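Asks: The residues making up each chain are set out below.
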Amino acid sequence: MVLKPEDILRIAREEAERQRSYRYRINVCCSSGCLPFGALQVLKAFEEAIKEFGLQGECRVSRTGCVGTCSVGPVVLIEPGGYLYQNVTPENAREIVKSHIVSGKPVKELLYANEAFFKKQLRLVLRNAGKIDPLKIEDYIAAGGYSALIKCLTKMTPKEVIDEVIASGLRGRGGAGFPTGQKWNFVAREKNTPKYVVANLDEGDPGVFANRTLAEADPHAIIEGMAIAAYAVGAEKGYIYVRAEYPLAVQTLREALKQARSMNLMGKNILETQFSFDIELRLGAGAFVAGEETGILASIEGRRAMPRPRPPYPATSGLWGKPTLIQNVETLANVPLIILNGGSWFAKIGTPKCTGTKCFSLTGKVNNPGLIEVPMGITLREVVFEIGGGVPSGRRFKAVLVGGPSGGCLPESLLDLSIDYESLTKAGAIMGSGGIVVIDDESCMVDTAWFFTDFCVDESCGKCVPCRVGLLKMRNILERIMKGEGRLEDLDILSELGEYVRDVSLCGLGQTAPNPVLTTLRYFRDEYITHIFDKRCPAGKCFRSQVSMKEAP
Amino acid sequence: MSGAGTVKLKINGVEVTAYEGETILEAAKRAGIRIPTLCYLDGLSNYGSCRLCIVEIKGSPKLFPSCTTPVSNGMEVITDSERLRKYRKMTVELLLSEKPHVCAVCVANGNCELQDLAKEFGVDHLRFDREWTRQKIDLTHDFLVIDNNRCILCTRCVRVCDEIEGVHVLDIKARGKDSQIIVDMDEDWGSSRSCTSCRKCARVCPVGAIYVRDKPISETKDKDIAQFIISRRRR
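Protein chains in written order, with numbering that gives the first Met the number 0: chain A, 0 to 552; chain B, 0 to 234.
The set of hints was computed from the structure by calculation and includes no laboratory data. Model, not experiment: these values are computed from the prediction. It is possible that some hints are incorrect.
[Claimed, not checked] Listing some non-contacts, in silico: residues in chain A with all C-beta distances to chain B over 12 Å:
id	residue
1	Pro-4
2	Ile-10
3	Glu-13
4	Gly-37
5	Gln-40
6	Glu-57
7	Lys-118
8	Arg-122
9	Ile-165
10	Ala-187
11	Ala-304
12	Pro-310
13	Leu-339
14	Glu-381
15	Arg-395
16	Glu-441
[To be verified] SDA-like mimics (lysine to any residue), calculated; alpha carbons at most 20 Å apart, straight line:
id	chain 1	residue 1	chain 2	residue 2
17	B	Lys-172	A	Gly-461
18	B	Lys-88	A	Asp-502
19	A	Lys-482	B	Phe-127
20	B	Lys-61	A	Pro-310
21	B	Lys-88	A	Ser-494
22	B	Lys-176	A	Ala-284
23	B	Lys-176	A	Lys-321
24	B	Lys-61	A	Arg-501
25	B	Lys-61	A	Gly-176
26	B	Lys-172	A	Ala-284
27	B	Lys-57	A	Gly-176
28	B	Lys-57	A	Arg-501
29	B	Lys-61	A	Glu-57
30	B	Lys-61	A	Arg-309
31	B	Lys-222	B	Ile-163
32	B	Lys-172	A	Asp-457
33	B	Lys-85	A	Asp-489
34	B	Lys-61	A	Ala-175
35	A	Lys-540	A	Gly-393
36	B	Lys-176	A	Arg-479
37	B	Lys-176	A	Phe-450
38	B	Lys-88	A	Asp-491
39	A	Lys-321	B	Gly-20
40	B	Lys-85	A	Thr-424
Each residue gets a CB set at the ideal place from its N, CA and C atoms; glycine is no exception.
Using the sequences and the hints given, assemble the complete structure.
Replies: Written out as C-alpha cells, the structure reads:
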C-alpha cells in the first residue's frame, strides 16, 4: 500500500470521526503495572458485559497504556468525562457497565479519589498514555500522530527542524541534560555516512519505569520522534535499544514498527518523499552499564557493553565509527510536540534554562506512587506531598532520593528545591533517569546508602579502577559501620573515596555512584556518628540485622 | 614540526607543539614529560581503565585521561598537582587492596610496574581492608602461568593477544569485582586450541599475573614488545 501525506491526514479524520461516534470509550490499562493484577481478565469482562447489554455499536473497549496510578491497578478510564476506576475486578466490570454506561450513573465507590495526583501534573510526553490503544496505529494518527513528521517532510528543511528544536530549549532526558538541538547539529554537520539514530530504552535502575511505560503506552511517539531526528541529521537507519526484561515494551514496539511500515511511515521513501528511514529493535541483556551511551553502542555492535572514553563522542564516531545520534526515548517523544506547536511554545513551559516537562517514577514510602509528569521547576515538596500525597501510615518524612541508585538523598530542609538539572546537581543529586524514592523515618540512612552502593557494586562493569574497587571498598566500610565496628576516621575515608570515585571514574555511572553516600554524609552525618559512637542505629535497622546475622548458624 | 597538521599547547606551563589527533600522553612523552601509566602500552589500542594518567585541563573542573584525550590548540594541561598525586596514590592503594598482592612471594618482585608506582607515590600502608580470597592458579600450560590473584585487569594481555598476535585467546568474564581474565571459553590454558604459546601476554603483563614458569622474570618481561612489532611491520 503506497500512502501519501494526505492519505494519513484522511485516516486521521476518519478515525477521529469514528471514535466520536462512540458514546463511551472504555480504556483498560494493560501495561506492566496492571497486568499482574488481572488487567486482561478485566478487559475481557468489559467486552462480555458490553455484549450482554447489546452496546457494541455505542461503546469501544480497548486496551491502553499506563494512566500513572500504578498502585491501584487494574485501572479503567471511561471517556468522555475522564472517569478513572481503580482496583477493578472482572466482577466490577459488569457493575460499571450497568450503572455507568446503561444508567449514566458512575459507580462512586470504585472511582479513583486522589484528585491531587493529577492536579499539578502536566502530561505532554504522556499525552496519549492511557487514552489510545498502543497496538493500533490509527489511534495514534487520530490523536494527531505523525502529522509532525508530515510537516517536517513536506514543509521544513532539516535545518529548520533543528532550529525549532534549538528554540525549544529541550535538553536530554537521559540524565546529563545536554541541549538536544545542539547534539542534532553536531551529527547533522558530519560528512561521514551512513549516520545512525539510537533510542536508549535501557532503564536499569531499581524503582524507575518511566521509559518502559512510555514505550508500552505510546510507542509511535518514540518512532515518530526518531524519524524526525533522522530526517534532521540525515540518517537512514535507527535502533531502539530495549531491555530484554521489558517483554511488553518489546512486543508493543515490534507491533508498532510493523504497522508503521505497513502504512509507509517507515522504510523506503516514506510517504512518497525522498526520505527513507527504518528502525531495528535491539534487545539488551540487562546490565546497568548498557544504559550508558558508549556502552549501548558497544552492545548494538555485538560486543561487551563497556563504556569507552570520550572523545570521540558518538556524534562523530558512534556505531561502527559512524556519526550517531543517541537519545533517551523520553527526549524523542517530546519532539513531535515541539514541531507541531513550535519551539517557543515549548520554551514557555518549565524554567528558562530547563524547558518542558519531566517524567518521574514516584516510589517508596508515599501514598500515591506511580508515573507522573510535571513541568520542570516544580518543587520536591509539591511532588512528594501534593502529587504523592505524603508519607503513609503516620510515619514521618525523612528523605527523598532523587535520580535513581546513583542519585542523592535530600533531607526535608531541601524540599523546596526546584526540580531542574542545575539545582539538583548543586544539592548533590542528579536528574538521572527520573526516579524519586521517598524514604520515611523507619529507614536508616546508612542502610539506605549501603543498599544503593551495593547495587552499583553489583552493576559496575569493572573496567576502571575507581568504580570497580573504590565502590567496593566504600560498601565494605558501610557494612562495618552497620555492624557497629565503625571508626570515626571511616567517615573521612568514605568522603575521600567518594570524591575520588566521582572525579576519576570513566563513565557517568561511576561518576554518580558515590552520590548516595556523599549526600547522606552531608545531610545525615549524625546517623553515622550514632552508629559509630553509640553503637546504635537510630532507626533500629542495622544492629537488628547484625543480631540475626550472628544468630544464624 | 610546524605548519599544517600541528597544534600548539601548554603542558605544565611549557609550550609544546604536537601533531593533530595526537593524545596528550604522546605529546607529553615527546616533550620529555612523564605521566604515570599502567594499562597504557605503546603499540596497543588505548583502553583508559587504570585512570593513572589523568590530567587537569585549565578551564574544566573535570579530569581527563591523557591516553585517550586528543590535543587541541591552546590547551593548557597540568600533569602533576596535589590533587592528581592524591588520586593516583589512591588508585595504587585500591589496586593493592583488591587482590592478595604480597610482593615478597611474587615472581614479579623487583620487576613490577605496580610495585614501582607504589614506591613512587609513597604507599607505605593501606587504609582499606585487603582481600584475601584465593583464586585458582592455572598451571596447566606447558610453561605459561596465569595467577588471577595478582591480576589488575589492565587487559594488556587481552589486547596484545588480539591486536598483535591476532588470536584473541584471552578475554574477560563476568563484570565488576568478579571480572577475571579467562582463556578461550573459560577453559584450562593447557587445553586451549587457539593459544600459539607466543608468550606476548607474559611479556607485557605489568605485574606477576601471567609469567613464564622457571624463568627469571627480568628476562621474560618486555613492555616495548608491542611497539617493537608494529615498527618492524612498518619496515
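Asks: Of all the hints given earlier, name the ones this structure violates by number, lowest first.
Replies: 11, 12, 23, 27, 29, 40
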